[in-house]
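Enquirer: Take a look at the letters that make up each chain.
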Amino acid sequence: MTARVKSLQSVNDFVIKFANVNGTGSASANKLFAKALFRMGLPVCPKNIFPSNIQGLPTWYEVRVSEKGYLGRRGGVDIVLSVNPQSMAQDIKEIEPGGYFIYDNTKPLDLRLIRNDVTMMGLPLTRICNEQYKDPRQRQLFKNVIYVGALAALLDIDFAVLTALVADQFKGKEKLILPNIHALELGHKYAKENFDCPIGIRVQKSDKVGDKILIDGNTALGLGALYGGASVVAWYPITPSTSVVDAFEKYAKRVRIDPGTGRKNYAIVQAEDELSAIGMVIGASWNGARSFTATSGPGLSLMSEFLGLAYFAEIPTVLFDVQRAGPSTGMPTRTQQSDILSAAYASHGDTKHVLLFPSTPKECFDMGAQSFDLADRLQTPILLLTDLDLGMNDNMSEPLEWDDSKEYDRGKVLSADELDKMEKFGRYLDVDGDAICYRTYPGTHPEKGAFFTRGSSRNEMAVYTEKGEEYEENMHRLMAKWETIKEYVPGPEIILCGKEADAAVLYFGTSEESSREAVDYLADEGVNLNAMRVRAFPFNKEVENFIDEHERVFVIEQNRDAQLRTLLMAEFELGPDKLKSVLCFDGTPISARNIRKQILQLLPGNNVTPLYPEKVASGAGDKA
Amino acid sequence: MSYQKPKFRHPDLAVNELGFTKADYEGSLSTLCAGCGHDSISGSIIRACHELSIPPHKIAKLSGIGCSSKSPAYFLGKSHGFNSVHGRMPSVVTGAAMANRDLLYLGISGDGDTASIGMGQFAHVVRRNLNMVYIVMNNGCYGLTKGQDSATADEGSVSKKGDPNLFAGIDLAGLALQLGATFVARSFSGDKEQLIPLIKAAMTHRGFAIIDVISPCVTFNNNPESTKSYEFFRDHAEATGTVDFVPMREEIKTRYPAGSTHEVTMHDGSVIRLHKTSQHLDPFNRVSAMRVLDEHRIKGDILTGLIYLDKNSQELHDVMQTSQRPLNELSEDDLCPGNRLLKNINAALR
Ligand SMILES: Cc1ncc(C[n+]2csc(CCOP(=O)(O)OP(=O)(O)O)c2C)c(N)n1
Ligand code: SF4
Ligand SMILES: [Mg+2]
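Here the protein sequences line up with chains A and B, keeping their order.
All the letters of the first sequence, read from the start, carry residue numbers 1 to 624 under this note's numbering.
All the letters of the second sequence, read from the start, carry residue numbers 1 to 350 under this note's numbering.
Bear in mind the hints are in silico, worked out from the structure with no lab data behind them.
Among the hints, erroneous ones may be present.
Claimed, not checked - Incomplete in silico selection of chain A near chain B, CB under 10 Å:
#1 LYS208
#2 VAL209
#3 ASP211
#4 LEU214
#5 TYR227
#6 GLY228
#7 TYR251
#8 ALA267
#9 ILE268
#10 THR444
Stated by the list, open to error - No farther apart than 25 Å at their CA atoms in a straight line, the calculated lysine-lysine pairs in the DSS-like style are these:
#11 A:LYS253 <-> B:LYS343
#12 A:LYS406 <-> A:LYS424
#13 B:LYS78 <-> A:LYS421
Think of the CB as a built atom: it goes at the ideal place given N, C-alpha and C, for glycine as much as any other residue.
Full structure from sequences and hints, please.
Expert: Set out below in structure tokens:
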């Protein structure tokens with residue numbers, strides 16, 4: 001069928017979306033597709049959009065290919081590969097004019113779904129499988145591989161790359177290699193014989209990948225914790241954080257077994273709930289082991305009382321929060337950046353916590369490891385916030401690297417010798433003037449250094465007090481420590497556009513890629529924007545100066561309430577006019593087109609500022 | 001109300017094997033009400049640790065929130081302590097014990113702290129058989145919030161406020177047995193003769209040892225109509241027998257008639273001698289222990305003493321196969337795999 005609108009034409013630049021049924025083994029075939037493009041030297045950005053369900057519901061896999069290296073969501077879909085009749089109507093609607101719809105035509109397509117401006121291409125996937133395989137599970141699994149083979153022909157993917165990948169994937173299970181290659185060939189052959197290959201959208205080898213790797217943020221984070229020296233892990237299962245601990249365990253089993261005894265140099269406790277998980281982390285850290293928990297929003301809420309204790313009693317505590325769409329259970333398998341405020345101010349009373357915002361797997365690894373140094377040095381909770389998008393999707397990333405000459409910073413901990421040489425030890429005495437005090441581990445010295453850790457008010461000598469002045473003094477010292485903290489946490493990354501710009505964008509975490517792409521789009525349209533990526537809270541002077549230097553700053557974030565903006569306004573005492581919000585909270589990663597559109601609407605001179613800008617973001621059918 | 005501890009000490013105050021006097025195991029001045037059962041328990045803890053010659057810095061004492069949970073401030077002043085949050089001491093001890101298996105962990109809790117807000121954590125710390133001593137200072141009420149009934153208050157028991165309690169009480173010893181505790185005992189704050197050897201035995205047990213200690217709250221729940229009062233206890237307690245604790249280096253001298261005495265060699269070589277007076281109880285059999293405990297409860301009696309001991313207990317570190325060296329002693333070399341491994345990992349991700 002030929003489309004009446006000119007078909008999209010592009011090389012190495014498109015968005016394809018796979019529409020599958022979950023639990024049918026599509027994930028590994030789809031990954032095979034993405035990885036093949038990656039091996040051809042093309043920057044890819046695959047994203048899983050999956051339901052909170054184990055089997056039978058629609059699931060999507062979107063792959064962005066961009067020779068220019070844009071790794072965020074672009075918005076819009078050029079090709080849909082559909083094997084799920086449940087979501088077909090919606091999937092067809094999403095295709096860009098001129099795009100392609102590739103579907104299983106074993107059963108005829110509902111004529112009402114046909115779009116004249118889209119090239120409709122049928123592959124008899126079910127028929128081929130039924131002819132080739134008897135076992136129903138094989139029919140299901142190979143269907144996925146067959147369409148990958150067909151795509152290889154349609155998009156001109158190097159077939160040798162695919163077969164090499166299959167060989168890698170089934171190393172150790174060699175029997176599976178040939179059947180998989182056969183399935184690829186079936187699809188490839190069918191497409192070659194029945195369509196003009198390649199179609200208007202195609203790929204060709206490039207060199208834009210370099211030494212980069214494809215890894216999900218959670219694996220990188222689990223590895224970061226392993227390299228950072230965590231030995232006690234306590235957690236309670238929750239999507240999308242579970243795979244952080246899985247990754248830690250996988251590698252710990254390989255490298256943390258004592259060669260002499262076969263015993264573990266780590267302990268992982270699956271706690272009864274998140275209250276317990278964070279309690280264990282606090283107990284272990286108090287006792288001098290590096291420890292962490294990984295959780296998501298609901299878990300963070302449960303941990304709140306304990307976080308206040310760790311803040312007040314000054315116990316190093318590392319918490320990884322892989323955010324998902326809240327509130328409550330919300331959309332547990334969709335992404336958001338919506339725990340910013342609840343993390344920053346977790347717990348009752350006057351509390352503030354250090355937040356880290358990695359935006360790539362490499363940063364998950366680096367900041368994951370760094371969390372332990374920061375926690376030990378600063379004696380306070382460190383909350384590293386990623387999200388489902390970064391945590392559970394494969395991301396193209398700089399390779400992970402560890403500087404073997406680096407030593408852990410265990411912070412101010414007194415040894416028995418040091419205690420012997422001291423005249424007086426006070427747990428909460430600010431000896432060095434940086435508001436960080438010395439601590440001791442239990443069991444260090446027979447006579448000296450013992451103290452009573454408590455969440456109730458105490459004086460510098462760790463003795464209980466209800467004297468207002470002593471309480472206040474301590475709270476002031478904690479604020480002074482907050483200033484010290486600013487010197488230790490990662491500063492922002494600033495990208496100047498090189499032209500005069502009185503406006504700027506500010507973003508963090510997974511909004512980075514799309515934001516940068518949107519800035520490029522806008523630059524092409526004559527809108528010059530400087531950019532700053534915030535990497536930690538507390539914000540340091542650089543963040544403040546950058547905001548001061550611009551008349552208007554667009555704060556891009558993936559939540560409804562503009563939480564980072566609120567935090568910036570509260571911490572810098574800014575009025576509401578300066579910071580404008582660009583938001584997306586429909587559970588999918590924010591796209592470059594969406595950001596561009598919202599910024600255009602917010603520019604001065606454009607008076608049609610929508611009452612609820614977020615509606616633009618999540619307006620029906622318009623994910624652009 | 002606080003009371004002043006006398007400064008004067010007996011000149012020949014005994015020193016233990018480590019050269020410490022009892023005073024070395026004391027803490028700061030108690031701020032609990034005069035006559036509070038919790039203070040007596042603190043006294044027994046001090047004596048047990050002194051007599052066992054435990055280096056004070058090798059004990060970590062942890063608690064939740066409540067009058068009971070304040071007690072760790074009043075004993076073992078040379079030990080690190082941690083007064084955590086209400087009902088969550090078990091998780092903090094679990095983390096601490098995972099980090100350093102070489103310390104002796106003493107958890108102090110109240111009946112509110114354990115049987116209400118902390119019930120979940122209690123159940124799971126028992127189930128994991130964490131190597132710790134867990135003492136519940138059980139007064140059947142929330143002392144610190146001024147005397148509300150707690151979940152261990154018996155049905156019909158009347159506190160000072162005057163209203164009978166409407167719900168059946170939770171028996172923490174019975175619950176612990178059900179959950180798989182490997183050392184279960186009950187005692188009374190006022191009965192040092194019984195309590196001190198039980199604490200010692202619990203401290204040498206490898207695994208989770210709970211002592212449910214009835215500890216009257218003199219201010220809110222010590223009237224005769226309360227089943228957690230001194231008076232009620234005196235009239236209704238029945239001991240399983242007596243327990244002698246013989247430290248590992250000491251020779252066993254006295255001989256008891258055969259049949260009534262069991263000797264159990266503990267992990268560190270010490271011996272517990274159990275002289276049974278109850279004919280029905282087999283303290284090495286969980287089912288028997290549960291049955292006898294229940295029978296007493298139904299009669300309205302309080303069974304005290306050692307109720308159950310699992311001689312083959314495997315504590316959490318044994319089960320999890322963690323390194324013998326405490327995890328908090330591992331160096332960067334032990335913990336960090338170095339850049340070489342990352343190179344392989346990167347290669348596999350291309
Ligand atoms: C989360 C929380 N809720 C409530 C309280 C108030 N509170 C303090 S102590 C206590 C009860 C303590 O009872 P128990 O554990 O039996 O100790 P007791 O004072 O009787 O020794 C309560 C409810 C608290 N500290 N924290
Ligand atoms: S209120 Fe009761 S439990 Fe608390 S100190 Fe006084 S007597 Fe003890
Ligand atoms: Mg109580």
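Enquirer: Determine for every hint whether it applies to the structure shown.
Expert: Here is how each hint holds up against the structure:
1. With 10 Å as the threshold, the beta carbon of LYS208 (chain A) stays out of range of chain B, its nearest partner Cβ sitting at about 14 Å, so the hint is violated.
2. The interface hint given for VAL209 (chain A) holds, since its Cβ lies 8 Å from the closest Cβ of chain B, which is under the 10 Å cut-off.
3. Taking 10 Å as the C-beta contact cut-off toward chain B, the hint placing ASP211 (chain A) at the interface holds, the least distance being around 8 Å.
4. The closest approach between the C-beta of LEU214 (chain A) and any C-beta of chain B is roughly 6 Å, which is under the 10 Å cut-off, so the hint is satisfied.
5. With a cut of 10 Å, the hint placing TYR227 (chain A) at the interface with chain B holds, because the nearest CB-to-CB distance is about 5 Å.
6. Checking GLY228 (chain A) against chain B: minimum C-beta separation of about 8 Å stays under 10 Å; hint holds.
7. Taking 10 Å as the C-beta cut-off, the interface hint given for TYR251 (chain A) holds, the closest approach to chain B being about 8 Å.
8. Satisfaction of the interface hint for ALA267 (chain A) is found here, the shortest Cβ-Cβ separation to chain B being roughly 4 Å, below the 10 Å cut-off.
9. The criterion of a C-beta within 10 Å of any C-beta in chain B is met by ILE268 (chain A), whose closest approach is roughly 8 Å, and the hint holds.
10. Interface restraint check for THR444 (chain A): the shortest CB-CB distance to chain B comes to about 7 Å, inside 10 Å, so the restraint holds.
11. A threshold of 25 Å between alpha carbons decides the hint, and for LYS253 (chain A) with LYS343 (chain B) the separation of about 18 Å falls inside it, so the pair holds.
12. For the given pair, LYS406 (chain A) sits about 32 Å from LYS424 (chain A) by alpha-carbon distance, which is inconsistent with the 25 Å threshold.
13. Note on LYS78 (chain B) and LYS421 (chain A): the hinted pairing holds, with a Cα-Cα distance of about 18 Å set against a maximum of 25 Å.
In this structure, the earlier hints numbered 1, 12 are contradicted, and the remaining ones agree with it.
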